[in-house]
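Chain W is fixed; fit chain U onto it per the hints.
From first to last, the protein sequence lines stand for chains W and U. Just so you know, we're using this note's numbering here: the first sequence kicks off at 1 and counts up by one. Just so you know, we're using this note's numbering here: the second sequence kicks off at 273 and counts up by one.
Simulated from the structure, these hints should not be mistaken for laboratory data. Hints may contain errors.
Said to hold, decoys possible - Not everything, but these chain W residues come out facing chain U in the computed CB check (under 8 Å):
{"#": "1", "residue": "Ala162"}
{"#": "2", "residue": "Ala166"}
{"#": "3", "residue": "Glu167"}
{"#": "4", "residue": "Ala173"}
{"#": "5", "residue": "Pro177"}
{"#": "6", "residue": "Ala180"}
{"#": "7", "residue": "Val181"}
{"#": "8", "residue": "Pro196"}
{"#": "9", "residue": "Ile198"}
{"#": "10", "residue": "Thr258"}
{"#": "11", "residue": "Glu261"}
As the list claims (entries may be wrong) - In silico contact screen, one side only, chain U against chain W (beta carbon under 10 Å); selected entries:
{"#": "12", "residue": "Pro358"}
{"#": "13", "residue": "Pro376"}
{"#": "14", "residue": "Ala417"}
Because the structure is a prediction, the values reported are computed rather than measured. By construction, the Cβ of each residue, glycine as well, lies at the ideal position given by its N, Cα and C atoms.
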Amino acid sequence: MDTVLEEFLEQFTDPVLLTGLAQVAVAAVLAALVVGLSHLRGLTLERELAVALVRGLVQIVAMGSIVGVLLTVDFVWSGVILLGMMIGATWISKNRGEGLPGVVRVSFVAIVFGSGLVIVTMTLAGAIEATVRNLVPVGSMIIANAMQINSLALDRFKSEIASNRAEIEAGLALGAPPTAVISRHVETGVQASLIPVIDSLKSLGWVWIPGIMAGMILAGENPIYAALYQFVIMAMIFAAGGLTSMTSSLLIGKYVFTDAEQLRDVETDSSS
Amino acid sequence: MTPTPKLETRNLGRVVDGDRLLEDVSVSIPESTVLVVVGPSGAGKSSFLRLLNRLDEPTEGTVLLEGEDYRNLPPRDLRKRVGLVPQDPALVPGTVFENVARGPLLRDESIDETHLPELLERLGLTGYEDRDVEELSGGEKQRVAIARTLLNDPDVLLLDEPTSHLDSKAEERVEALLVDLIRELDLTVVMVTHDEDQARRIGDHVLILRDDRVDRVGPVEEVLA
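Next comes chain W alone, as it looks inside the complex:
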């Protein structure tokens, strides 16, 4: 236990942290510029942006410290850590779908299924090394992207329901099954949620060089292997996101109807 504590405290005395803090200061200036511009343009996003930036910094540093400790614990703890991340992702994603019935259950099942299946499969296939050092950071990337895609799907689905209520109820009034009436809107939600990741895949390599590949090259790895591994990561993100989005859209499509196949009220005035 003393060794774990010592290793944890050692992280804070590493001289590289001073360099990191200086880099954070420069990045913070640029981020503050966006907050300022948001205020000037009356976007009323400055509070949300500022909170998101500070929260992001605190969370990522806390996570970095925890990862430092976790590198010393047994591999089986990876599952507990990743499950904790999935619960956190559910909580954040649920805000985007606020007003949709059953949104917490749906988000949790979708994120656990989508990201869990990909993490387990790729670990068994050897693409993710079965160590805490690999599983936690790669798993967290997959979970975070699944969360974003789930949020986009729920957000779009919610607005689809709100703006097409008359059409959906006209279909129900004809004696049609709710799943058939709503399928067009479910598809729209899934498609909209996957646009960012599809665009990322399309632009991979020629518009942007993603973080993992850049990091591996900087660390001296073979650039072609770095590129291949980056593609693996992107494909995992796409697979987990697609599975999450399809699962949540299918499940939420059932929750929005009562047992008597009536469309429930969907509150649309909430935001994150």
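For chain U alone, coordinates are given in the frame of chain W:
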């Protein structure tokens, strides 16, 4: 012995989050009759119609279809038998054919190839099958919505202000079509309208709703004299 009404409501009411939308409505609709529902805006007319199609759930009382509590029927079967034409035609992007056949298409059923052209002809839509619904006038859209519901061959037809969004010429045409349809197909109809003259022209019986409750109910010639 009095024949069983085609449709009957017993103390029908609905309260949502403490807001009363309808209270204690009891009315019988015999077969092949037209009940018109009139009353000021917000009196509960559309709420009443939505309850008859079970798009909303009654919180008080119930509805009987040919003597049977409609909550015992599968909702899809009920909605095929008690067809609703909503105030907003709510057509989906596509052709007239796709919209008129929307019921069987959504239910993954085959389309009756004699019934559909016959309906289109009755509603003056022959030759419109491949037209994009975006190109249609308000009256034409309403006729598509009526055909869409009638393709299910319902026992009871519910009409929610079918002419309220139309100009006077289109209103006249749709109303004349409805009168012909009701007579020729011997339909049992519940129609909401804000126009008492229209109620006199079309209805056999009238239900006047006021403040979410029954104000008066009876034969048109007595109640709207």
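For each hint, the structure was consulted:
{"no.": "1", "hint": "Ala162", "in the structure": "violated, 14 Å"}
{"no.": "2", "hint": "Ala166", "in the structure": "holds, 4 Å"}
{"no.": "3", "hint": "Glu167", "in the structure": "holds, 5 Å"}
{"no.": "4", "hint": "Ala173", "in the structure": "holds, 4 Å"}
{"no.": "5", "hint": "Pro177", "in the structure": "holds, 7 Å"}
{"no.": "6", "hint": "Ala180", "in the structure": "holds, 4 Å"}
{"no.": "7", "hint": "Val181", "in the structure": "holds, 6 Å"}
{"no.": "8", "hint": "Pro196", "in the structure": "violated, 26 Å"}
{"no.": "9", "hint": "Ile198", "in the structure": "violated, 24 Å"}
{"no.": "10", "hint": "Thr258", "in the structure": "holds, 7 Å"}
{"no.": "11", "hint": "Glu261", "in the structure": "holds, 4 Å"}
{"no.": "12", "hint": "Pro358", "in the structure": "holds, 6 Å"}
{"no.": "13", "hint": "Pro376", "in the structure": "holds, 9 Å"}
{"no.": "14", "hint": "Ala417", "in the structure": "holds, 8 Å"}
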